[in-house]
Amino acid sequence: MPRSDTDPRLMLLSPGDSVYVLRDQIAAGETILVQGRKVAISAALGLGHKIARAALRPGDKVLKYGAPIGSASAPIAPGDHVHTHNLKSDYTATHTLEAARANAGEKS
Amino acid sequence: MMRGWQRSDGRKGIRNVVAVAYLVECAHHVARQIASTDPEGAHVIGFPGCFPNDYAQRVMERLCTHPNVGAVLLVSLGCESFNRYQLEQVVHDTGRPVKVLTIQSDGGTRASIASGRDWVAQQIAGLAAQPTVPMRVDELVVGTVCGGSDGTSGITGNPAAGLAFDRLVAGGATCIFEETGELIGCEAIMEARAATPELAAELRASVEKAARYYATLGYGSFAPGNADGGLSTIEEKSLGAYMKSGQSVISGLIKPGDIPPRGGLYLMDVVPDGEVRFGFPNISDNAEIVEMMASGAHVTLFVTGRGSVVGSAISPVIKIAANPHMYRRLADDMDVNAGRILEGEATLAEVGDEIYQKVLAIASGAKSRSEDLGHQEFILTYKSFEPIGPACLPV
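Taken in sequence, the protein lines are chains A and B. Using UniProt numbering, the first residue of the first sequence is number 1, and each one after it goes up by one. Using UniProt numbering, the first residue of the second sequence is number 1, and each one after it goes up by one.
Okay, chain A solo, but in the shape it has when bound (with noise of 0.2 Å):
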């Protein structure tokens, strides 16, 4: 795969990976290249989140380090921010204070 293809703020760290790991920040409203697809980012994205590489169902294991990093639990496109609205653990589930802060009005 050409790199020019990618955004090279997105790192591929194992090469049967389902998701890019960002090394740079990207802003909300950018657009941004993903294999050649072009893909609007619509929140602030902060380094070291994920972004879908390949298109996952419900269920489907997500790779990341090529090793499973959990299962998709909605249906992720290429270029799809990867957390924990659309990817749950196979083992415990994961706590976050998402609900406390959007009720204290602090954002993330």
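FYI, nobody ran anything at the bench for these hints, they're computed from the structure. The beta carbon of each residue, even a glycine, is placed where N, CA and C say it ideally should be. Accuracy of the hints is not assured; some may be wrong.
Chain B regions said to be covered by chain A (calculated; three or more residues, Cβ under 8 Å) [unchecked claim]: (1) 142-152; (2) 178-192; (3) 209-218; (4) 230-241.
Which bits of chain A does chain B cover? Going by a derived footprint, with three or more residues having C-beta under 8 Å, they are [unchecked claim]: (5) 10-23; (6) 47-53; (7) 62-68; (8) 71-84; (9) 89-96.
Here are the simulated lysine-lysine pairs, DSS-like style, with alpha carbons at most 27 Å apart [stated by the list, open to error]: (10) Lys-209(B) <-> Lys-88(A); (11) Lys-61(A) <-> Lys-88(A); (12) Lys-38(A) <-> Lys-61(A); (13) Lys-99(B) <-> Lys-61(A).
We have chain A already, so just place chain B on it with the hints.
Positioned in the frame of chain A, the structure of chain B alone reads:
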């Protein structure tokens, strides 16, 4: 040049401090006041509980005879369950100066603080006169933990720490990684590195135990900040945390307080045995550092993405920033900026070398950032363990 203080058990310390140990929370204030006159020379450790616990007794015995400790003051209220007689004897048998202050019979707060301060000042003066001896890499015990992880931890700081571990292990040092609750999902790749098939089975069983334990508690070892930093699941966090272990053969599985018998790479099983009894295995990062010290760690590598600031009593902590944005916010607190890897300013190998050199420098007497800032966090809670089986330490 690394140098250390020779201890009677053959180990050497890279620091020479007085441990002021409270044996129940009721004695904590007195202990803190005693140590406050010389916080660099006297470090406070202790156990808050009044009810007996074999694990806490063992960890306290290991810490009070840790190679970085030169003398010990035990501060008892007087009526707690902690076996101070046994602890005093264990310290005495190593040849270290040891004294027990019992607040109820030594005149209460004011008198206990005064006599404790006098004794500690004498010990610090005595320790300052003790000579050092040369120390080699193969005499070092180095632990590693990660805390406040984010999506950068597994890409920069943890693999860089893993490279430093590989070099230390190759040089004959003892390296310990831990938190089986943060190795959930890594069972298969980890067991392939075990020195023997029997040890492989023990490694797998330790992670399966952690998965059961956390499932019963209803939470993984995963904090909301991990998710803010881009980590979505415990197994994703685990795969990143696992990178700290490097590539060396895994020589053994130990539990907190077991001293590895020889150089090599060891996994520490920190999740209690038996039914879920005393709550979360490690309630915060310092609990892990304390267990590393209980197994002899002279220094602990601490990789952080979100930005932890803690240090520790007794053993220096080296803080490795995984995230370059966080590094710029908390530069004063960080010893190494592994975030440079993401910005193309350094390679993984260069940061791995920097961490290795930092370990040697701090073992030679240089202060880590958290030491400079006066961080001496300490926490010890209840746990219960069974002894490790014979397959855990193959020869």
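Each hint, compared with the structure:
no. : hint                     : in the structure
1   : 142-152                  : holds (count 3)
2   : 178-192                  : holds (count 4)
3   : 209-218                  : holds (count 4)
4   : 230-241                  : holds (count 9)
5   : 10-23                    : holds (count 5)
6   : 47-53                    : holds (count 4)
7   : 62-68                    : holds (count 4)
8   : 71-84                    : holds (count 3)
9   : 89-96                    : holds (count 8)
10  : Lys-209(B) <-> Lys-88(A) : holds, 21 Å
11  : Lys-61(A) <-> Lys-88(A)  : holds, 10 Å
12  : Lys-38(A) <-> Lys-61(A)  : holds, 25 Å
13  : Lys-99(B) <-> Lys-61(A)  : violated, 59 Å
Hint 13 from the list above is the single one not met by this structure.
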